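Engineer: The lines below spell out each chain.
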Amino acid sequence: MATIRIQREDFDVAAEQRAIAQGNDEVGAVVTFTGICRAGTGVDAIAAMTLEHYPGMAEQEIARHVEEAERRWPLKGVTVIHRHGRLVPGDNIVLVVTASSHRGDAFAAAEFLMDFLKTRAPFWKQEERAGGKSWVAAKNEDDAAAERWTAPARRSDAAE
Amino acid sequence: MKIVYFAWVRERIGKTDEDIDVPADVRTVGDLIGWLSERGEEYAYAFENPKTIRAAIDRTHVNRDAQLAGAREIAFFPPMTGG
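These protein sequence lines are chains A and B, in that order. Start counting at 1 in the first sequence, then tack on 448, and there's your number in my numbering. Start counting at 1 in the second sequence, then tack on 958, and there's your number in my numbering.
The reader is advised that the hints may include incorrect statements.
Calculated lysine-lysine pairs in the DSS-like style (CA-CA distance at most 27 Å, straight line) [claimed, not checked]:
| no. | chain 1 | residue 1 | chain 2 | residue 2 |
| --- | --- | --- | --- | --- |
| 1 | B | 1009 | B | 973 |
| 2 | B | 973 | A | 581 |
| 3 | B | 1009 | A | 587 |
The set of hints was computed from the structure by calculation and includes no laboratory data. Computed from a prediction, not measured in an experiment: that's the story for all the values here.
Isolated chain A (complex conformation) (with noise of 0.2 Å):
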């Protein structure tokens, strides 16, 4: 049911919406995230941005975080493609699609997938500037935000 592609070339996020949707009923909802190269402003502005990754497990830590959301929320699709290689400010990264019978369940997924692609699948960002090239360093807000699916579930039935 998964469709997971780690690819140079770009992706078509209408064709790979419609793909989702198509000829399953019971799909209610798809939300399509698409992560796009930045450009930035003044002397900060990157010229391009080259994508590494690890062959193998990239595709192995996507496939284990779509099953982990599969069991988490009631989803009829969900498609994950990240490019690698040299890309220019406007050019696609990364695309997370998820389709379900109501948007609450597609939503959170996605957010889920997302949160984990920047923290846990193995791809490094190198940026080009005027300056020279420089890795980006992980940002610790992307970990908080990763973080807080591992948190314990709050007990709405608590007393305290």
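Fit chain B to the given chain A structure using the hints.
Structural biologist: Just chain B now, with coordinates in the frame of chain A:
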């Protein structure tokens, strides 16, 4: 044992992968980081701040205390920045 490196760990060490015979007393991922760091300046530089190093055994994330026994491929890389 095959060891693979990514991103700036790969750049600092100067190779993408290598096959190394590791002494029997190097039992964990943490031991391996320590042992590699003694091999030369490039390794010492790559592993100078162990907190910024992530590891995987056979393509699964592991901690420092993970055992190397039976591992086919160990990977070292910085915190991930995909998505």
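Engineer: For each hint, tell me whether it holds in the structure or not.
Structural biologist: Hints and how they fare:
Simply put, residue 1009 of chain B and residue 973 of chain B have alpha-carbon atoms about 21 Å apart, close enough for the 27 Å limit, and the pair holds. Straight-line distance between C-alpha atoms of residue 973 of chain B and residue 581 of chain A comes to about 18 Å, which keeps the hinted pair within the 27 Å bound. Distance hint between residue 1009 of chain B and residue 587 of chain A is fulfilled; the C-alpha atoms sit about 14 Å from each other, no more than 27 Å.
Of the numbered hints given earlier, the model fails none.
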